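Please put together the full structure from these sequences, using the hints given.
Residue numbers (the numbering used here), protein chains in the order written: chain A, 760 to 1103; chain B, 760 to 1103; chain C, 760 to 1103.
Keep in mind that the hints were calculated from the coordinates and are not lab data.
One or more hints might be untrue.
Chain copies aren't distinguished; within one or between two, either way the pair holds.
In silico lysine-lysine, DSS-like type, Cα no more than 27 angstroms apart, as pairs [to be verified]:
no., residue 1, residue 2
1, Lys-763, Lys-963
2, Lys-763, Lys-1054
3, Lys-989, Lys-963
4, Lys-963, Lys-994
5, Lys-867, Lys-1054
6, Lys-867, Lys-989
For clarity, every value in this text was computed on a predicted model and none was experimentally measured.
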Amino acid sequence: MSSKTNPGNFFEDFQIGQVIEHAVPRTVTEGDRAVYGSLYPTRFAIPSSAVFAAASGLAVHPVEELIAFHIAFGKTVPDVSLNAVANLGYAELRFHQPVVPGDTLSTKSEVIGLKQNSNGKSGVVYVRSTATNQRGETALEWVRWVMVHKRDTELPAPETVLPELAKVVAVEDLVIPAGLDFAAYDFALAGEPFRYDDYAVGEKIDHVDGVTLTESEHQQATRLWQNTAKVHFNKEARPDGRNLIYGGHVISMARALSFNGLANAQMISAINGGSHVAPAFAGTTVYAWSEVLDKAEISDTVGALRLRLVATSGRDESMTLRTDEGKYADGVLLDLDYWVFIPR
Amino acid sequence: MSSKTNPGNFFEDFQIGQVIEHAVPRTVTEGDRAVYGSLYPTRFAIPSSAVFAAASGLAVHPVEELIAFHIAFGKTVPDVSLNAVANLGYAELRFHQPVVPGDTLSTKSEVIGLKQNSNGKSGVVYVRSTATNQRGETALEWVRWVMVHKRDTELPAPETVLPELAKVVAVEDLVIPAGLDFAAYDFALAGEPFRYDDYAVGEKIDHVDGVTLTESEHQQATRLWQNTAKVHFNKEARPDGRNLIYGGHVISMARALSFNGLANAQMISAINGGSHVAPAFAGTTVYAWSEVLDKAEISDTVGALRLRLVATSGRDESMTLRTDEGKYADGVLLDLDYWVFIPR
Amino acid sequence: MSSKTNPGNFFEDFQIGQVIEHAVPRTVTEGDRAVYGSLYPTRFAIPSSAVFAAASGLAVHPVEELIAFHIAFGKTVPDVSLNAVANLGYAELRFHQPVVPGDTLSTKSEVIGLKQNSNGKSGVVYVRSTATNQRGETALEWVRWVMVHKRDTELPAPETVLPELAKVVAVEDLVIPAGLDFAAYDFALAGEPFRYDDYAVGEKIDHVDGVTLTESEHQQATRLWQNTAKVHFNKEARPDGRNLIYGGHVISMARALSFNGLANAQMISAINGGSHVAPAFAGTTVYAWSEVLDKAEISDTVGALRLRLVATSGRDESMTLRTDEGKYADGVLLDLDYWVFIPR
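Laid out in C-alpha cells, this is it:
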C-alpha cells in the first residue's frame, strides 16, 4: 500500500508568501481551437480567421483568450481547490499577450491572503496566479479566492491577511496586444456594424440565443483544460448523483452567446471580477445578456468596453441582475465583469 | 436597452440581385479533421492519410469535402435561414478545389429567386452561394432554396423569379483537383477492390452499418461549422422540447457509412440535389444505402460516379426510396444526389 | 443489388501464415492530441508539453502511446474482429518509437495461431500485428487473439497451432526512445516527486478519482480510431439496446486516472498482457488502481516499472483483483500488465 496520490491542500497547508509551482505544462494547439469551437458557439472573427487576425495586426493567429484562461486556471485546481467548498471570486485578471498554437503554458501561484471562517472548519485562501509561456513571458495573471476545508479543525487560525484588490483593472493597466490595429477592420466580415461609439454606458443587450447544456460537452471542455475537480466528472462524488458543471464552461458559453450583439468585442483584455452565482447542470438552457459598464479609448483604432456578462438559466428578457432586496435574481448563473477590445 | 442582435432576414428583406457578404471567415485546421473524425465513422483514404493523398497527386492534404461544405454553408445561416421554415433543396454544388488546413473560407450569396407562398405568410428564397479562400479563389459554390417567414404579412408579394437550375451538374462542369491521378492507387490500403468499372448504373448498395445519434455529437458538429440555427441547440426553442438535428449531420453520417461498399468513392465533386426528407433526433439510428445513377470517365485514371445517397432511420434492406404513390418511404431521412471521383 | 460491403472474416477465412494488409492509413495530427485530451483526464507531462518532451531529449513532441495503439489497433478490426465473439487477450506489445503528429500509420497482421472451439461453431485466431509509419519503420507491434464465429459450422477444423508467447516482454526487448534522458527531469512540473526508487515491487496504489462514462464520449473516441465494430455505435446491434464500450476506452481512462500516484510513469513501452474482464456501459463510473509487478534499470536516468493497471466499476479501496476462488472480483473491468518508463 502506498500514499502517493494527491489529497490536495487543506486550509492549514497554505501560508502567506508561499509559492506553488503547478503541474503540468501544457502546449496549446490548433486542436484546442477546433475542440473549443465544437463546444461553444463562438464566432469572433479574430480567433475564427487567421486572415482576419493578420489584418488586425497580429503576427500569429491567437486562440480565444478563454482557452488560455481555462488552461492556466486548470493547473491550479489540484493544488488550490481540490478541497474547495466554493470558488468565491476573481479579480485583477489581465491578459499580457495573446496565446497562440505552439505556446506552452505553466502556472505559478502565490498565497496572498488567508482568513479562517468563524466556524473553524474552513477558511478563505487568496492566490495570485501567473501563467507563463515557453519564453518565460507572462501570458496572463489573476487573483482568485476559494473557501477550503481544514483537515484538522483543532489547529489554531492563522493571522488574517486580506489582500487589497482592485475592484476594476485600471485602463492604464490593460495590455494592448503587440501590433493590434483595427484601422482595416471589416465590419461585414466580423458580423455586425457596431463599433466603440455605438455602445453607451448603461446599455443592456439581450443576446437572445440559448444553449441546452449536455453532460458530455461540459466534461470534454473541463478535461481539455486538465481540470481535475471530481465534482465535474464523477456522479458518485456528489450526494445528488449529478455532475456539477465547471463554472468556466458557463463563462465560455455566455461569452460565445454574446457574439449576437457584441460581435466586435474581439479580445478579452481583463476580468475585473466574477461570481458563479448558482450551479449549472446538464439540461440547463443557458442564455446571456450584457451591460456596458464603462468605456475607454485605447489607441486611434482600438477602444475598450467594460462589460457585465450575465448568464442565466432560461431567458430573462427583463435582464434583471438583482431583486429589490439586493440578492441575485432567480436564474442568474454567472455575473462576470470584464474589459474587451473593440474597434473605434 | 438596445437592439443590436441579429433578428435574421425575413422574406421581404430579400431582393433579386442582392449580394450578402456573410460573416465570419473561418480558418480550417487539422483540428477540424480530428473532430470530424470523432463525430463520423469516416475512413476514406485521401482525407485519412497525407501519404495516400500525396500518392494521389495532391500537393497538400485536403480535409473531407463535407467539412468545407458545412463551414461554407454555416456562414449563410444567420443571413439566409435564421427565420426559415424549411430548407427545401440544393442544386449545382461544385467543389472547385480541395480545401486544406490553413485555408480561410468566406462565403457570399446572391439572391437569384423569390416566390411568395399563396398563403402570404412566407416565401421561397433562392440563393447562389460562393465560398472563397484567402487567395480569393472559389473553393465551392452551390444554390439552395429555403422557405422563409414574412415579418409583415401585409406587404405585397414581390415579382416571382424562378432561377433555371441544372437538375444535374454536367460532367464537363466537374472540376478535377489539380494533380489528381489514381495511377498509383493502392486498393488494399483504401479498403476495397472495387473500381469505376465495377459499378453499374442502377446498382444499389446497402451500407449495412448503423449509428445511433446522440445529443452531444450533433451539437458539436453543428457548432464546429458555426451554424447558429437555434433549433439545433436550444430545447426551449421547439414546442416538443427536442433538438432538431442539423441536416448536414445526417449527410456526413450517411457519407461516412457509405464507405462500406464505396470505399474508393474518394472525393465528392458535386452535389446535384438533395432533400432532407424527415427530421432526425437524438436516438435515431441512421443507416444508408446508395444507388449508382450515372457514370463518366474523367481522365485516364479517374472516373466519376453519380450516386444517390439515402439515409434512413432504421435499416431498410429493401432500399425503397418511394412508395407506390410516389411519396418517400417511411424512414427515409435524406435523399442526396452527388458526383464523386473514383479510380478507373 | 450488389455485395460490395465487407462481411468481415470468419474463422475459416484465416490460415496460418496469412498476411493481411489493413486499410486505411491514418495520419496523426495535433487534433488527435486535443480530442484525446477532451475525452480522457490525461496529464502526463511529456505528451502534455512540447517543452517538457524536448527537455526529456525527444526530438519531436510525441502523442500518448495509447493514441498510436488505438489507431493501429482500429485498422485490424474490419479484417480480424468484425465477427468476433470476444477479444481474448494481448501479448508482446512493444512501442518501437514514439508517434508524432505528421506520422502516417498503417497496420499489417499475420495469422500465427488457430484453434477451433470444441463446439465447432467458433475458434480462436491469433494475429501478430505491426504498425509502420510513412518511412516504413515499425512504430509498434503486438499479438492479440480473438474468438471468431465460423460462417459454415460444417467445415472441418484446421490443424491447431498455438503460438508461443512471452508472458512478459523481456527488459532487453524494451525499446528506449531515441534521445530519452531524464537527467533534467522537473518533478514539480510533472506533478509528483516520486521516482523509480520510490516504487517497490508489490506496492499498490489506489488512484482515487473516478469518471462516469457517457455515451457520446466513448463513441467519439472509438470513431477517432476508425474502429468499426458495430456494437459500440448501434443500439440496434445488441439485444439489450445498449452500446458496448470499446475496451480501449477503458484502458485509456484507467491510464489517465493513474496519473494520480503515477504522474512520472511517462511513456508506455510495452503491454505484456491484458484482459477486458467485464463490459462497460454509459453510466459506469470507472476507477483505477495499480500494482508494481517488477522494476528494471534502463539507463542512467531511465527506469522501467512493470505495472498492473486495474480498472473497476465503482471504487475498490481494498484493491482486490481476484476472489478466493481465483475469479476476478466483482467490479473489475480491466486487468492490464504493462511496462512504463520513469525517471530514476
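Quiz item: Within a copy, between copies, both or neither: where do Lys-763 and Lys-1054 come within 27 angstroms Cα-Cα?
Solution: Result: close only across copies, 17 angstroms inter versus 51 angstroms intra.
Quiz item: Between copies, within a copy, both or neither: which fits Lys-867 and Lys-989 at Cα up to 27 angstroms?
Solution: So Lys-867 and Lys-989 pass the 27 angstroms test inside one copy only (22 angstroms; across, 41 angstroms).
Exercise. State whether the alpha carbon distance between Lys-989 and Lys-963 is at most 27 angstroms within one copy, between copies, both, or neither.
Key: between (36 angstroms within a copy, 22 angstroms between copies)
Quiz item: When no copy is named, should Lys-867 and Lys-1054 be tagged within, between, both, or neither for a Cα gap of at most 27 angstroms?
Solution: So Lys-867 and Lys-1054 fail the 27 angstroms test inside a copy (32 angstroms) and across (34 angstroms) alike.
Exercise. Could you place Lys-963 and Lys-994 in one of the four classes (within, between, both, neither) given a Cα distance threshold of 27 angstroms?
Key: Answer is between: at 25 angstroms across copies they meet the 27 angstroms cutoff, but 38 angstroms inside does not.
Self-check item: Homo-oligomer pair classification [Lys-963, Lys-763; C-alpha up to 27 angstroms]
Solution: So Lys-763 and Lys-963 pass the 27 angstroms test across copies only (10 angstroms; inside, 51 angstroms).
Figure legend: structure checked against the earlier numbered hints; the only hint not met is number 5.
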